[in-house]
Amino acid sequence: MALIRIENKMKTAKELGILLSISIVAAFLVNNFSPVGIAWVGQWETSQGTVTARAKNDVVFDDLEIGDVTIARRLYDSGNALFVDARSHEDYEYGHIKGAISLPVGEFDAFIDKFLELYALDSPIITYCSGRTCKDSHHLAQLLIYRGYENVSVFIDGFPGWEAKGYPIE
Amino acid sequence: MTAFRDGKQRGIQLNETAARIIGNSWIEILARWILGFTFIYASYHKILEPAEFARIIYGYDLFPAAIINLSAIIIPFVELTAGIFLILGVFPRSAVFIINAMLAVFIALLSLNLIRGHVFDCGCFAPGISGREPSLVSVIARDIGFLLLGMYVFLYNRSRRWCIRQTF
Chain A
1 MALIRIENKM KTAKELGILL SISIVAAFLV NNFSPVGIAW VGQWETSQGT
51 VTARAKNDVV FDDLEIGDVT IARRLYDSGN ALFVDARSHE DYEYGHIKGA
101 ISLPVGEFDA FIDKFLELYA LDSPIITYCS GRTCKDSHHL AQLLIYRGYE
151 NVSVFIDGFP GWEAKGYPIE
Chain B
171 MTAFRDGKQR GIQLNETAAR IIGNSWIEIL ARWILGFTFI YASYHKILEP
221 AEFARIIYGY DLFPAAIINL SAIIIPFVEL TAGIFLILGV FPRSAVFIIN
271 AMLAVFIALL SLNLIRGHVF DCGCFAPGIS GREPSLVSVI ARDIGFLLLG
321 MYVFLYNRSR RWCIRQTF
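Protein sequence lines correspond, in order, to chains A and B.
Quick note: this note's numbering has the first sequence finishing at residue 170, numbered continuously throughout.
Quick note: this note's numbering has the second sequence finishing at residue 338, numbered continuously throughout.
There are no misleading hints in this set.
The calculated EDC-like cross-link candidates involving lysine to aspartate or glutamate, where the alpha carbons are at most 16 Å apart (straight line), are: (1) A:K98 to A:E163; (2) A:K56 to B:E219; (3) A:K56 to B:E222.
Covered stretches of chain A (chain B as the covering partner; in silico rule of three or more C-beta atoms under 8 Å from a C-beta of chain B): (4) 18 to 28; (5) 31 to 37; (6) 45 to 55.
Please keep in mind that the hints were generated in silico from the structure rather than gathered at the bench.
Predicted model, so just to flag it, every value in this text is computed and none were measured.
For each residue, glycine too, the CB sits at the ideal point set by N, CA and C.
Hey, can you work out the whole structure from these sequences and the hints?
Right under this line is the structure:
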């Protein structure tokens, strides 16, 4: 009786092994060749910047990031930079960085033509959304760059970071 | 006297009917296919958008950063494979064992976050993502339902229909 039990357990173990092996091999094969495949380790520490799974089609690019709120403030004070809010209209209405323009990333196509008319391609632009767990600001930056804008940065601490420092909002 | 006897007869009849339903191999295969197709469907979006799934895992705030991506890569394929095995009837008991294990873990994690009152604020405006999730309680209830179905399939001990390979 006990031998049959052990034999059954061995069978189950083998079956589970087969099932899991097939799954794992298939998983890594597909992930490797998929155009949206992700890295084996992502960037999930907000202290390092915007969190991202590091997919092949990722919109997050470190070199565009402004990770220091005070630097963003300095750019704001210089009067040159145009702050662009990537969040929804509702969020924008509720509160945004003073002087910022609303260009929700989900409605990019609807608003980009007007935006292109108003702002030259060499305008210094700083996009932002709702913090380091949100990549809409990066997404918007990529869309703007794709449309020809040459000077785009991403303020990764977003509206919450700005507001927390008591900087000008409206 | 007769009322008592009739009541007992009725009880026995109900038990027999219940037993017949539970023992019915068509019910078993129905349960197996419900679980199988559900998990195949569940894996579909995760395989199409692994970054999004990784983000969701991150949002639970329960896992070390190092295993998030690996989990996002592997879990959907375990779901897919187990689902296919269930439908084709390959090692059905082992396949449903894995599915039950996954369901138990999902239920535990969801309940943990429910208790914590943890809400993952994505703050993202992206079509199709916000506002799609049903309430946490209904998801937990649904998973418990699936787990019960899965336990039924696991414990079923008669011969199953339409199985390519019952055991190794």
